[in-house]
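Trainee: Those letters in the sequence shown? Residues -19 to -1, 1 to 43, per mature numbering (1 follows the signal peptide of the UniProt record, and there is no 0), in order.
No lab work stands behind these hints, which were simulated from the structure alone. A virtual CB, placed ideally from N, CA and C, is assigned to each residue, including glycine. You may find that some hints are simply not true.
Said to hold, decoys possible - Distance ranges between label pairs, derived from CB positions:
no., residue 1, residue 2, range
1, Met22, Met(-19), 54 to 62 Å
2, Arg14, Gly(-9), 29 to 37 Å
3, Leu(-5), Trp25, 43 to 51 Å
4, Leu(-6), Met30, 40 to 48 Å
5, Ser(-8), Glu16, 32 to 40 Å
6, Pro32, Gly(-9), 55 to 63 Å
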Amino acid sequence: MRYQTLLVLCGSLLLSACAARAPLGACDSVSCRPEPDNRQMVIWWQTDMRPGAADFTRVSVL
């Protein structure tokens, strides 16, 4: 029983070391960008036109 507990603990520590440390909103990759769908449109802002830290805005489409 003690061996299994130690094994689970070591496995958890190994997996947590591989986990991403950055928050989800901090992704700089193009693959992290939201895609438009039939309910929302995504507007991408140029650097000098951004209303804040976000480089995109989601707008509902009716």
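Trainee: Now tell me if each hint is right for this structure.
Mentor: Hints, one by one, checked against the model:
{"no.": "1", "hint": "Met22 to Met(-19): 54 to 62 Å", "in the structure": "holds, 57 Å"}
{"no.": "2", "hint": "Arg14 to Gly(-9): 29 to 37 Å", "in the structure": "holds, 34 Å"}
{"no.": "3", "hint": "Leu(-5) to Trp25: 43 to 51 Å", "in the structure": "violated, 35 Å"}
{"no.": "4", "hint": "Leu(-6) to Met30: 40 to 48 Å", "in the structure": "holds, 45 Å"}
{"no.": "5", "hint": "Ser(-8) to Glu16: 32 to 40 Å", "in the structure": "holds, 34 Å"}
{"no.": "6", "hint": "Pro32 to Gly(-9): 55 to 63 Å", "in the structure": "violated, 45 Å"}
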